[in-house]
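S.K.: In terms of the numbering used here, the sequence shown opens at residue 275 and continues consecutively.
Hints listed in this document are in silico derivations from the structure and should not be mistaken for laboratory results. All residues carry an ideal CB built from backbone N, CA and C; glycine is no exception. Be a bit skeptical, because a hint or two may be false.
[As the list claims (entries may be wrong)] Calculated lysine to any residue pairs in the SDA-like style (CA-CA distance at most 25 Å, straight line):
1. K379 x F369
2. K306 x K444
3. K441 x R404
4. K405 x I431
5. K444 x D386
6. K405 x N394
7. K327 x D344
8. K306 x E418
9. K324 x L347
10. K379 x I329
11. K438 x E418
12. K405 x Y346
13. K444 x E415
14. K379 x K438
15. K441 x T429
16. K327 x E418
17. K379 x D364
18. K377 x F395
19. K324 x P421
20. K324 x F360
21. K440 x A301
22. K363 x I450
23. K327 x I380
24. K440 x E418
25. K324 x S345
26. K405 x D300
27. K405 x Q348
28. K405 x N416
[As the list claims (entries may be wrong)] Pair by pair, the computed Cβ-Cβ distance ranges are:
29. E437 x K405: 26 to 34 Å
30. H384 x P421: 20 to 28 Å
31. L347 x K377: 19 to 27 Å
32. D364 x Y445: 18 to 26 Å
33. R331 x D364: 32 to 40 Å
34. R447 x K363: 33 to 41 Å
35. P368 x L448: 39 to 47 Å
36. K373 x D300: 30 to 38 Å
37. V296 x K441: 14 to 22 Å
38. E437 x K363: 26 to 34 Å
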Amino acid sequence: MIKLTTSFLKISSKWQGKNRVVDFIDAFSSAKSILLLMPDNPEEFEIAHKFLKHIERDFFRARILYLIRDSYLQQLNEKQRHGTIFVAKDDINPFGLPKRKLKHKIMATHYDIVIDLNQNFHPLSTYLCRKTDAALKVCLENQEREPFYNFSVRTQIETALAEKYKKLLKYLRLFIKNNRH
275 MIKLTTSFLK ISSKWQGKNR VVDFIDAFSS AKSILLLMPD NPEEFEIAHK
325 FLKHIERDFF RARILYLIRD SYLQQLNEKQ RHGTIFVAKD DINPFGLPKR
375 KLKHKIMATH YDIVIDLNQN FHPLSTYLCR KTDAALKVCL ENQEREPFYN
425 FSVRTQIETA LAEKYKKLLK YLRLFIKNNR H
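Can you make the complete structure from the sequences, with help from the hints?
M.R.: Right, here's the structure in full:
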């Protein structure tokens, strides 16, 4: 089922042809709204959750919206709960893609940046990222994701997820700091 979904997403990505040249430094430093796609996997979610405070601090001028499974509600602080779209099982179709209601929730807001914190290809996150009008779409490097994201952070395959997030933060900070005067 996931191979069929992946093939569909790749074909639709080529057909839509939304890729454009992006000034990364300007996009990072002038971001006013960011969509953070949190992992579904419980272990990955726990690791990603620890990095949220760093992303919030680095992008203190931006409004950050989180997309997470509703089962992780209790792990968020009050501020994070306020800016969160919760995904329930009935928001997703059998192919792992969003139903209309969830798709419209995401598309109702303009995002300057989308950051996908899933370690591997995740059909729901990839599809929603592709549907946004964000100039910058960030992910951890994964060959299946190439057609959908325009900024991927490459690490050694066997690198622990926490280390991958540290490297991601390092690159994000590089672009932000280079444009702060």
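S.K.: That 33 to 41 Å hint for R447 and K363 (C-beta), does it hold up?
M.R.: Holds: the Cβ-Cβ distance is about 36 Å, inside 33 to 41 Å.
S.K.: At the C-beta level, are E437 and K363 separated by a distance inside 26 to 34 Å?
M.R.: holds, 32 Å
S.K.: Would you mind confirming whether the straight-line C-alpha gap from K444 to D386 stays at or under 25 Å?
M.R.: Given pair K444, D386 holds - Cα atoms ~19 Å apart, limit 25 Å.
S.K.: Under the criterion that the straight-line Cα-Cα distance not exceed 25 Å, is the pair K377, F395 satisfied?
M.R.: Roughly 18 Å between the alpha carbons, so the hint for K377 and F395 holds.
S.K.: Straight-line Cα separation of K438 and E418 no greater than 25 Å?
M.R.: It holds: about 17 Å lies between the C-alpha atoms, which stays within 25 Å.
S.K.: Within 25 Å, alpha carbon to alpha carbon, are K405 and Y346?
M.R.: Distance of about 24 Å is within 25 Å: holds.
S.K.: Is it true that D364 and Y445 lie within 18 to 26 Å of each other by Cβ?
M.R.: Violated, at about 36 Å.
S.K.: Please test the hint of 32 to 40 Å on the beta carbon pair from R331 and D364.
M.R.: Taking Cβ atoms as reference, R331 and D364 lie about 35 Å apart, which means the hint holds.
S.K.: Within 25 Å, alpha carbon to alpha carbon, are K327 and D344?
M.R.: holds, 20 Å
S.K.: Does F360 lie within 25 Å of K324 when you go C-alpha to C-alpha?
M.R.: Given that 25 Å is the threshold and the Cα spacing comes to 19 Å, the pair holds.
S.K.: Within a Cα-Cα threshold of 25 Å, do K444 and E415 meet the stated pairing?
M.R.: Holds, at roughly 15 Å.
S.K.: Evaluate the given range 39 to 47 Å for the C-beta pair formed by P368 and L448.
M.R.: holds, 41 Å
Taken one by one, the earlier hints fail for this structure at numbers 4, 8, 14, 16, 19, 22, 27, 32, listed in ascending order.
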